[in-house]
Structure formats: structure tokens, C-alpha cells
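Let the hints inform the model, and build the full structure from the sequences given.
In case you want the letters, here they are:
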Amino acid sequence: DGGITQSPKYLFRKEGQNVTLSCEQNLNHDAMYWYRQDPGQGLRLIYYSQIVNDFQKGDIAEGYSVSREKKESFPLTVTSAQKNPTAFYLCASSMTGNEQYFGPGTRLTVT
Amino acid sequence: GNSVTQMEGPVTLSEEAFLTINCTYTATGYPSLFWYVQYPGEGLQLLLKATKADDKGSNKGFEATYRKETTSFHLEKGSVQVSDSAVYFCALSKNYNNNDMRFGAGTRLTVKP
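In the order they appear, the protein sequences are chains C and L.
Here our numbering runs 546 ahead of the position in the first sequence, where the first position is 1.
With our numbering, the residue at position 96 of the second sequence is 84, and numbering never jumps.
These are computed hints drawn from the structure, not numbers from a lab.
Among the hints, a few may not be true.
Unchecked claim - Among the chain C residues that face chain L by a calculated CB cut under 10 Å, a handful are:
1. Asn564
2. Thr566
3. Tyr581
4. Ala638
5. Gly643
6. Gly649
Said to hold, decoys possible - Derived BS3-like pairs: lysine-lysine, alpha-carbon spacing no greater than 27 Å straight-line:
7. L:Lys100 / C:Lys603
8. L:Lys56 / L:Lys37
9. C:Lys603 / L:Lys37
10. L:Lys65 / L:Lys40
11. L:Lys65 / L:Lys48
12. L:Lys65 / L:Lys100
13. C:Lys617 / L:Lys82
14. L:Lys65 / L:Lys37
15. C:Lys555 / C:Lys617
Claimed, not checked - Using C-beta positions, here's what the derived DEER-type ranges look like:
16. C:Thr655 / L:Thr14: 31 to 37 Å
17. L:Lys82 / C:Arg559: 18 to 24 Å
18. C:Ile606 / L:Thr(-7): 18 to 24 Å
19. C:Thr655 / L:Arg55: 27 to 33 Å
Quick reminder that beta carbons are idealized off the backbone N, C-alpha and C, glycines included.
Now the structure itself:
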């Protein structure tokens, strides 16, 4: 089946550790996105990538990093510089000019 | 900048009741407008969209009309079911690439049997 997978579904880390969230798509979409969702709030864009080996900062990129070495994959690293990393992280992808499709999300808890 | 405002929840309805979730937007020009739905513990799914004024998006009994004069895109359904319980997000995009999407805060709907 075509779709977007994110793993793991739940992730726990100690403060001060970097952690990488996985996002893979087999939809042959050009663009991929990372959003952060906090309780009672809408989604906020962290990073996006329109093509391989290129990505752009979104509204809240500080403390995060990404890479886009393959069309299918867009991993997000939450670094220790992110002051409030506990959140629900959503990955999405789209064909240029079309709506975004979302993965199931990863809930990250940092203590 | 571009933004979306949607009615605060939670909204609780009985099965077969009529649903309206209000959404208004602020943007120059003619953005594309979307409604997404999020079921518990899952990602967002596109419910419907409209790309120009007076367009009506519809899906699964839900519909919304792009009203340029009132900058609104209200979501409606004539008869809700328990399975419609979810969080609904209104969103807009100005950019053809849709890499500038702005989401509302979400409205939680609970439908009771």
C-alpha cells in the first residue's frame, strides 16, 4: 500500500539527548514536511523540502535539523538545543501543487 | 500574515444532529482552503478542499463553501454519526506548492449516541 510511515509511534528521551524521528513515503511525492502539534494548537511547520538535497526552514526550525538524501525519506533530528521538545510530530508529503498527505505521527516525550 | 481562525471547541452533539464548525481566514488574494480531520492518535486526513471563490468542497456528507465576501469556509454536515468524533482543522495555503500552509487550532467534535 502507498503511504507515509513514521516510526516509532512513541519515543521517550532524557533531556540533553538528540533524537531522530523517521519519515518514509512511497507515494513518489516530491515535497515533504515536518510539523509540530501541541495540545489545543494547530500545526506549526518546522522544515520542508521540495526536492532531494534541498530543504527550507519553517516557522519554528530552531533546535531541529533535517536531511533529504533520498526522495522517500526525510528524517527529523530534535537536538538538545530545542527548549521544549515534548510534542506530537507529524510528517507530510505532497506532489507539487497538490494537497499534503500526513503520516500517523510520533509522540515524543522528553524528561 | 496569513492566518486561520476556527471556532473553539469542544463541540458535543447527539447523533443525527446538524453540525457547523466556523472557520474564517485572513489572507490577501485567493488562497486555497482545506478541512482536515484527525482521529485519535492518528495523523491528519484531508476531508475536503476548495481552490477558488464560491467553490464547494464535499466529502463523506461534509461540505464547505469558499466565501470570499465573508472570508469564511464553514464546515457543515446534515446528520452526524458517532464515527465523526474527531478533531477538525481548517487550513489555508497561498503558495502553489502548498509549502506555506496555515492551520487553525482545531475543533474537537464528540458525537454521542
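Against the structure, the hints come out as follows:
no.: 1; hint: Asn564; in the structure: violated, 24 Å
no.: 2; hint: Thr566; in the structure: violated, 19 Å
no.: 3; hint: Tyr581; in the structure: holds, 8 Å
no.: 4; hint: Ala638; in the structure: holds, 8 Å
no.: 5; hint: Gly643; in the structure: holds, 5 Å
no.: 6; hint: Gly649; in the structure: holds, 5 Å
no.: 7; hint: L:Lys100 / C:Lys603; in the structure: violated, 42 Å
no.: 8; hint: L:Lys56 / L:Lys37; in the structure: holds, 14 Å
no.: 9; hint: C:Lys603 / L:Lys37; in the structure: holds, 26 Å
no.: 10; hint: L:Lys65 / L:Lys40; in the structure: holds, 21 Å
no.: 11; hint: L:Lys65 / L:Lys48; in the structure: holds, 9 Å
no.: 12; hint: L:Lys65 / L:Lys100; in the structure: holds, 15 Å
no.: 13; hint: C:Lys617 / L:Lys82; in the structure: holds, 24 Å
no.: 14; hint: L:Lys65 / L:Lys37; in the structure: holds, 15 Å
no.: 15; hint: C:Lys555 / C:Lys617; in the structure: holds, 22 Å
no.: 16; hint: C:Thr655 / L:Thr14: 31 to 37 Å; in the structure: holds, 34 Å
no.: 17; hint: L:Lys82 / C:Arg559: 18 to 24 Å; in the structure: violated, 36 Å
no.: 18; hint: C:Ile606 / L:Thr(-7): 18 to 24 Å; in the structure: holds, 20 Å
no.: 19; hint: C:Thr655 / L:Arg55: 27 to 33 Å; in the structure: violated, 41 Å
When each numbered hint is compared with the structure, violations occur for hints 1, 2, 7, 17 and 19.
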